[in-house]
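K.L.:
With the hints as constraints, model all of the structure from the sequences given.
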Amino acid sequence: MQEALNDLESSEILSREQAALLRRIYGRELFSVHWELRLLLYGGILILTTGLSLLVAKHFATIGHLTLLAVITMACAACFAYCLRHGGGFSPDRLAPLDAAYDYVLLLGCLLLGTLQGYLELRYQLLAQYWNWWLLASALIYLLCAHYFDNRLVLSLALSTLGAWLGVKTSQLGTGFWDGALRDNALFFGAMVVAAGATQTRLGWKRHFLPVHLHLGVNALLAALLAGIGSRAAGSAYLAGLLLTGSGSALYALRECSFAFLLYAVLYCYVGITIYVLDHGHWSGEGIILYFLVSAAMLLTTLVALHRRFRSAE
Amino acid sequence: MIALYKKGECRVAVVEEARRWQEAGMITAEQAAAVAERYRPELARENLFIRILLAVFTTVGVVALVALPAVMLKVEETGFTMLCLIFAPLCARVADHELIAVRRLYRCGAEEALLLLAVGMLGLAVAIPAHDWGHGAERLAWLTAHGIVLAGAILLTVRYGYALAAFGAMLTLAGIPFHLADILHWQQPHLPRLVLLLLLSAVAIWAQLRLVGRDSLPRGYLWSLETVRLAAWAGIYLDVNLFAHRLLWREWLGWTPVESLFPWSDHFCALLTAILPVAALAMGIGRRDRALLWFGVVSAILSILTLKYYVHLGHLAEELTAVGLSVAGLAFGLLRWLRAGSKRCRGAFTAEPLLEPRLYGLDAEALAAIQPLAPEARVPQAEGFHPGGGTFGGGGASGGY
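For the record, the sequence lines run as chains A and B.
Anchor point for the first sequence: position 45 equals 45 in the numbering used here, and the numbering is continuous, going up by one each time.
Anchor point for the second sequence: position 70 equals 70 in the numbering used here, and the numbering is continuous, going up by one each time.
Keep in mind that a hint or two might mislead.
[Said to hold, decoys possible] With a straight-line cut-off of 20 Å between C-alpha atoms, the simulated EDC-like cross-links for lysine to aspartate or glutamate are:
#1 Lys-58/A with Glu-319/B
#2 Lys-7/B with Glu-3/A
#3 Lys-343/B with Glu-29/A
Derived from the structure by calculation, the hints contain no laboratory data.
P.N.:
Dropping the structure here:
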C-alpha cells in the first residue's frame, strides 16, 4: 500500500497531506479503536441490562419494590436526560452523530425502560392477561426515540419489538389459529414496515432509515409468503405473492445497486418455487435432479448476465 | 499464489481501499474515480451478494450434475467413486483454466465453489467405497478422506489465497485429534482435547510468526494467515471454555461428567479462559493488531458471561450488573480519555473513526445488517482528514473537532 500511496502522490491524485495521513494509518502510526470501543460499550450495556433484569427478578421481594422502582426509573431518566441535553433536537434529516457513547446511553435508556415495564407488570400486574400491550407501548416509545434522537440502532429495536408484539398477540389465540394468524400478522408487519419506510422517504423524513425498514420488512414479507406456500388451500396465491414481492425486491436491488435485496429475492423465490413445483407434481428421482440442474443453470446464466451488465456500469 | 492473482490483487486492493478513503471522507469522489482508473484491475470481481448466489447455484448445479448419472445408471459405491473421480478434476479444470485463467475471475463465487467441490469429491471418492471393505478399512478410508480434504484446503489457500479455504483447513485440522482418537481407541476421553490444544497453539504461533512480515505478503495470503491465526485462537478458547459444558450439563441435565484427564484440568481451563482474552487484548494493543483486538473484546465478553460455570460466587445477577457497569464504564472512560488527548490521540491511538471496518470483503451494505456497527455515511472532505486540525467533519466527530 505504501508503494501505491507514493505513486498516487507523485501522480498528484492525492495531495501531500492526504498521502501523509494515509501513510500514518497504514503504517499504524495512527490507529483507530473506535469500532472496538463501540463493541465494548454494546457488550457492556447488554451485560448490564441482563444483570439488572436478573437482579429485579431475584430481589424484588427483599429490596423493596419502591426502592427498585425508584432506582430503575432514575437510571432510565438519567439516560434520557443525558441524550436530551447532548442531542441536537429533532430534525427530519440525518443528524451528525455526537459520539459512540451517546448512541449507547440512548440504547441503555430504552432497555431500562423495558426492564421498568417488565417490573411494573411483574409486581403490580397492571395489564394482567393483556400484558402484551406493554410490548406495543415499548415499540412506540422506541420509535419516538429513534426518530427524535436519530438513532438507527433504536429504530431496529423498535421494529423488532413491534414484530414481537404481533407474534405474542398471535400466540395467545390458541393452537387452532396460530399458524395462519402468525403468517398473516407477519405479512401485515412486513408490508407496514416497508410502507412506512417508503412513505418517510417520499416525504423526505429520515431518508437514511429506509435501509433498516427495507431489510427487516422485505425479509418478514418474503418469509411469511414462503411459509404459506405449503398450505393446500392458498398455496398458489402465496406463490404469486412471493414472486411479486421478490420481483419488487430484485428491481429495487438493480435500481439502487443494493444487491442484498437481490440475494433475498432469488433465494426466497427459488425455495418457494421448488417447494411448490415438487409439491404439486409426481416427480421421479431423475426428474427432481433434472429440475435442480436446469434451474441452477438458468439462474447462473441470469446472474452472469447481471455480472456483465454491472461490471460495464462500474 | 498464481501469478495472475499475485499481480492483480495489488490493484484490487488499492481500488477497494480508495473506496474506503472516500467513504471516510478523506478523498473526494473524483479522486476515488481517478484512483480506480489508474489502478483498473485486470481481474473480474463480483459484488458479495451476487458472489454468494453464484456459489450457491454452482454448488446446486454441480451436485445435480453428478447425481443425475448416478441415479440414471443406478450406480453404487464403486460407480459413485468413479463419478467423483471424473467430476473432481473436471471441476478443478473448469475453475482453474476456464474461469480463472481465461475469464480472470477473482473471488466471484462460481470458481471458488467449483474448487471446494473438487476437493470434497476427491475425499468422498476415497471414503464412499470403503463401506464394503470392513469396519477397520472403512475407518482408515475416512481418515484418508479427512487428510485429502485438509491437503486440498491447504492447496487452495496456497495457490489462490482463499481465506475461506484456510478456515476450512483449520476446521479439518481441528477434527483430526477426534478422528484419530476414534480410530486408535484412545482410552482417555479428554486426550483429543489436549492434542487439539497443542496443535492449535502450534498453528497460532506459526501464523503469528508469518504475520510479522505482513507488509510484504499478498492480500490473499495476509487474509488467509489472519483467518488461520484467529481460527486457532478461537479454537483454543472454545476448547478450554467449552470445558465448562461439563458443569453446564451437570447442572441442566443431571449428567455426570467423565473424570478430567488431570486433576488440575478444570482450574487450568478456567485460568486460560480468563487469560486468553487479556493476552489477546495486550498483544492487540501492543502490536496495534485489529484482529486480535476484536478477538480480545469478544472473548472477554464471553468469558464474563461464562464465568458462572467456573467461579461459583452465587450472585449471578449482582456479578453481571457489576461487570456490565465496569465494561460500559471502561469503554466510556477510554472514549473520553482518548478524546481528551493531544490532537484527540494518545500515542498512536485515537477513538475517531478513521476508516470503516473491512471484514474480508464485506462492504458497507453488508455491515448495515449488523446494526450496532452500522457505519454512518460521511461527507467527503476535499482537503482530507487532519487529526486535531479542525477540518474533520466525519461521523463521530463533534463540531469543534
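K.L.:
For the pair supplied as a hint, Lys-58/A and Glu-319/B, is the alpha-carbon distance within the 20 Å limit?
P.N.:
holds (13 Å)
K.L.:
Holds or violated: Lys-343/B and Glu-29/A, Cα atoms, limit 20 Å.
P.N.:
holds (14 Å)
K.L.:
Taking 20 Å as the top limit, are the C-alpha atoms of Lys-7/B and Glu-3/A close enough?
P.N.:
holds (14 Å)
Hint compliance for this structure: no hint is broken.
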